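Line by line, the protein sequences give chains A and B.
So for the first sequence, my numbering puts the first residue at 1; every next one is plus one.
So for the second sequence, my numbering puts the first residue at 1001; every next one is plus one.
Calculated from the structure, these hints are not laboratory results.
Model, not experiment: these values are computed from the prediction.
Some hints could be false.
[Unchecked claim] In silico lysine to aspartate or glutamate, EDC-like type, Cα no more than 16 Å apart, as pairs:
1. A/Lys431 <-> B/Asp1051
2. B/Lys1002 <-> A/Asp92
3. B/Lys1086 <-> A/Asp8
4. A/Lys281 <-> A/Glu292
5. B/Lys1002 <-> A/Asp103
6. B/Lys1002 <-> A/Glu356
7. B/Lys1149 <-> B/Glu1212
8. A/Lys430 <-> B/Asp1071
9. A/Lys366 <-> B/Glu1063
10. A/Lys157 <-> B/Glu1063
11. A/Lys107 <-> B/Asp1315
12. B/Lys1002 <-> A/Glu99
13. A/Lys183 <-> A/Asp253
14. A/Lys159 <-> B/Glu1063
15. A/Lys157 <-> B/Asp1065
16. A/Lys15 <-> A/Asp348
17. A/Lys205 <-> A/Glu195
18. B/Lys1002 <-> A/Glu94
19. A/Lys272 <-> A/Glu292
20. B/Lys1073 <-> A/Glu26
21. A/Lys107 <-> B/Glu1063
22. B/Lys1324 <-> B/Asp1342
23. A/Lys244 <-> A/Glu175
[Stated by the list, open to error] A short, non-exhaustive set of chain B residues, derived as facing chain A with CB atoms under 8 Å:
24. Thr1010
25. Gly1036
26. Ser1039
27. Ser1175
28. Ile1362
Idealized CB from N, CA, C, for every residue including glycine.
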Amino acid sequence: MIDLHKPDYSGATVKIKEAASLAPYEYGVEYGSPARGLWNIVHTAMLLPESHQIYVCAQGCLRGVVLTAAEMGASSRFSTIAVCENNVLDGDMEALIIEGVTDILNKLPKQPAAVLIFTSCIHHFMGCDLNYVYEKLLARFPDIYFTDCYMNPIMRKTKTPPDPMTRSRLYSFLERRPALDAKAVNIIGNNYPTEASSDFVRMLKSAGFTVREITACKSFDEYRKMAESSLNIAYMPAALTAVKDLKERIGQDYIYLPLSYEAREIEENLDKLAARLKIPKIDTALLRAEAERALSYAARLVGERPVVIDYTATPRPLGLAELLLDHGIHVTCVYADQFIPEERPAFDRLREKYPELELAATVHPKMGLLPRANASSLDETIAIGQKAAYFTDTPHFVNVLEGGGFWGYDGIARMAEEICEAVINEKDTKKIIQVKGWGCCC
Amino acid sequence: MKQTSSILSTYTADVSGVASALYEMGGMTIMHDASGCNSTYNTHDEPRWYDMPSMVYVSALAEVDALMGDDEKLICDVCRAALELKPRFVAVAGTPIPMMMGTDLPAIARLIEARCGMPTLGLATNSMHSYNSGASMALEAIARRFCGKDVTRVPRASGARPSVNLLGVTPLDFSVTGNVPALRALFEENGCSVVGCWAMGSSWDELMHAGEACVNVVVSSCGEGPAAALREIYGTPCVTGLPVGESVTLEMLALIEKAAACGEDQSLLNAPRAAEDDKIFVIGEPVQCASIARALREDYRLRGVRAISPLGFPDEDAIFSTLKKADIVIADPLFRAAAPADCRFVSLPHEGFSGRIYRSDIPIFIGGAFNEWIERELSL
């Protein structure tokens, strides 16, 4: 066993100056920390109002999604069909789905507007004829919208992992409209609502635009109106599959304004949006000054305390680390198993400017056994993200997932305020971080 | 059976049972799966995960490895982790895709063992059976592989009660809310020293002295496999049942004496046949709910009590139909929707069904504590 008196972190951590690539660790078997962090496909699919989810998979796979729905108090919007050994051997998978879905829908007290059917890895490998399945179901239930969704974690290291795929399928009920509303745009692919104070949202509102987002939709009809918007905006990398699909399928164009912590990129994004919609760019001088003031205040409050960041808090933890380090905040470690290509510029700059910055894996097998708290530090660590809070065993953490709906200079100011809040107030880390989709209000 | 469930939850699967049973033994358990089984286990099935480190990992099976049948990747990955972390043993348990691929887990185990020199178990689970089959399989494999024949039964002192092993103890049936210490204390206080508790709260050395016990007590269906193995290895008889309530506890102690004396297996689970007019239902793990049903009959003279154990995927229609005329239902809260609105529903949360959701509401149900609890719940 690992000698816990002389913990050896090699292989699971590396200084950024020694990291060979954006994927700095060798992987094999994987550990899963108790910090759940990001939403799963059940949470995301629950964003669709008046919908019902049906999962078709083995008992072991059903277990996790059933209890996710139960923990959300959303069991009434959720059903299952179990795949047993005989279904794999007999090849009756299509009939199992058709009859199972029919049985479930006939039992529900009220017909849902839309049904999301999640098939699994088994169907993928068996070559289950899903076209036939959906044809039959549409014939049986002509008043219900059906869509194909996928719980196939075996695809998670491919170009179509389950999370972006679910975010994309969530918009599959939007249909091509003969005319689009030039003064309406959608924000696509987020689990959390975008803050109304975000730079680009303010800019759109000032120019008289209607901004639609699934997180704000109260009914299926309201959701369907998203098809009328003339432009889709994505700022999360996981949303790109969805906006590309919408462009191809229903002709809605998109613009990608990646969540960034770098002034130059924020300005470029706002310029891009202004040019695309032919609207005035928001005056960023005040916003930028406010962000600087908030960062400066946070730096004074954090003092010498070490700060750690993980990839669940933001898709760009290196970008955030660079911003904080540049403002005198002592970021010591970034927890992520790999970094997205968008992080390459920040990665390269950090190697130059802060070569001692530590990178740590989250799924490396050692991470389940090594001591969690940073015993060498006298000051309490401030963590940004649930996994970082777990690995440093700190009650002082920013409970933000996927950027928290913050964007631009306003987003930076909001993040700085969250850091201050984490310094001042302790949280019940164990209670909060073990729950998937904590704070989910759907 | 339509295999559909529009309301009810599902019991956790065999692969989680394996991990739960082996959790405290110092081994390394690999779920051979893409992802999901480990996440479900860590999130919903394993209350020890936050505070008690254990080497439970997922192989992270990728599509390309499954398509190409690349077992070599699994073998190399497991060997690398095993050589680095040095577990006491390695266990590799399967999930649906390895089953579809026809992965030969025992053969893979032999290859891993040959390469890294660590005892390795290949467990043919597939996530399509319930946790009790996986836990039973895992504990049986440990007993068969590691319990040496050189250990012999320790003769009991005159007047002393027989020593016991407790078999089939996992958080999936007993959680971490006090029932395991209560179970152990009950036997100790009644003169039955506990040699080993398979597998919570006992060290590896204690488990390896299983052959010293006079009787094995199968306190859940997870204990059936190791009981069979220990009978073969040491000739130890077993008693199946859980001491819940005063009468059943006394009965259990008497059966333990009888088993020790005659060497024959004994069981509490000779329940009366299901009758049309049954009105009281206990739903859950077979040994636990049959013991509770018996306690209700013996301690309170209640009649028409039936135990139901839908540990495979629950047939929702059958459960709704069975419970249609129920007066009292004792079950996990997630069964409440299946019970008639006007019946008395007694909540007995079961970690293997509802996970952590109702953990804080799990009562102590061992021995006399059961009587206190049920009398309070039913105003008896």
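Against the structure, the hints come out as follows:
A distance of roughly 12 Å separates the Cα atoms of A/Lys431 and B/Asp1051; the hinted pair therefore holds under the 16 Å criterion. Of the supplied pair hints, the one linking B/Lys1002 and A/Asp92 holds, its CA atoms being roughly 13 Å apart against a limit of 16 Å. About 14 Å separates the Cα atoms of B/Lys1086 and A/Asp8, which keeps this hinted pair within 16 Å; it holds. Distance hint between A/Lys281 and A/Glu292 is unfulfilled; the C-alpha atoms sit about 20 Å from each other, more than 16 Å.
With a C-alpha separation of about 8 Å, the suggested pairing of B/Lys1002 with A/Asp103 holds against the 16 Å cut-off. For a cut-off of 16 Å, the pair hint linking B/Lys1002 to A/Glu356 is broken: about 59 Å separates their Cα positions. For the proposed pair B/Lys1149 and B/Glu1212, the alpha carbon gap of about 11 Å is at most 16 Å, so the pair holds. A hinted pair counts as satisfied when its Cα atoms are at most 16 Å apart, and A/Lys430 with B/Asp1071 does not qualify at roughly 37 Å.
At most 16 Å may separate the alpha-carbon atoms for a hinted pair to count; A/Lys366 and B/Glu1063 exceed this at roughly 25 Å. Between A/Lys157 and B/Glu1063 the CA atoms are separated by roughly 8 Å; this keeps the pair inside 16 Å, and the hint holds. About 14 Å separates the Cα atoms of A/Lys107 and B/Asp1315, which keeps this hinted pair within 16 Å; it holds. A C-alpha spacing of about 8 Å is found between B/Lys1002 and A/Glu99, which places the hinted pair at or below 16 Å, so the restraint holds.
In summary, the hint linking A/Lys183 to A/Asp253 is supported, as the alpha carbons are separated by about 14 Å, within the 16 Å threshold. For a cut-off of 16 Å, the pair hint linking A/Lys159 to B/Glu1063 stands: about 11 Å separates their Cα positions. Taking the CA atoms of A/Lys157 and B/Asp1065, the gap is near 11 Å; set against the 16 Å cutoff, the hint holds. In summary, the hint linking A/Lys15 to A/Asp348 is supported, as the alpha carbons are separated by about 13 Å, within the 16 Å threshold.
Distance hint between A/Lys205 and A/Glu195 is fulfilled; the C-alpha atoms sit about 12 Å from each other, no more than 16 Å. Among the hinted pairs, B/Lys1002 with A/Glu94 is consistent with the structure: their alpha-carbon atoms are about 13 Å apart, no more than 16 Å. A C-alpha spacing of about 23 Å is found between A/Lys272 and A/Glu292, which places the hinted pair above 16 Å, so the restraint is violated. The straight-line distance between the Cα atoms of B/Lys1073 and A/Glu26 is roughly 13 Å, inside the 16 Å bound, and the hint therefore holds.
Distance restraint check for A/Lys107 and B/Glu1063: the Cα-Cα separation of roughly 36 Å exceeds the 16 Å cut-off, and the hinted pair is therefore not satisfied. A C-alpha spacing of about 10 Å is found between B/Lys1324 and B/Asp1342, which places the hinted pair at or below 16 Å, so the restraint holds. Annotation: proposed proximity of A/Lys244 to A/Glu175 holds, straight-line Cα distance about 14 Å (limit 16 Å). Taken as an interface hint, B/Thr1010 checks out: its beta carbon lies about 5 Å from the nearest beta carbon of chain A, inside 8 Å.
With a cut of 8 Å, the hint placing B/Gly1036 at the interface with chain A holds, because the nearest CB-to-CB distance is about 5 Å. For the restraint placing B/Ser1039 at the interface with chain A, the shortest Cβ-Cβ distance is roughly 6 Å, inside the 8 Å limit, so the hint holds. Contact between B/Ser1175 and chain A, as hinted, is not supported at the beta carbon level, the nearest pair being about 15 Å apart and thus beyond 8 Å. Residue-level restraint check for B/Ile1362 is violated (minimum Cβ-Cβ distance to chain A is 16 Å; threshold 8 Å).
Of the numbered hints stated above, those contradicted by the structure are hints 4, 6, 8, 9, 19, 21, 27, 28, listed in ascending order.
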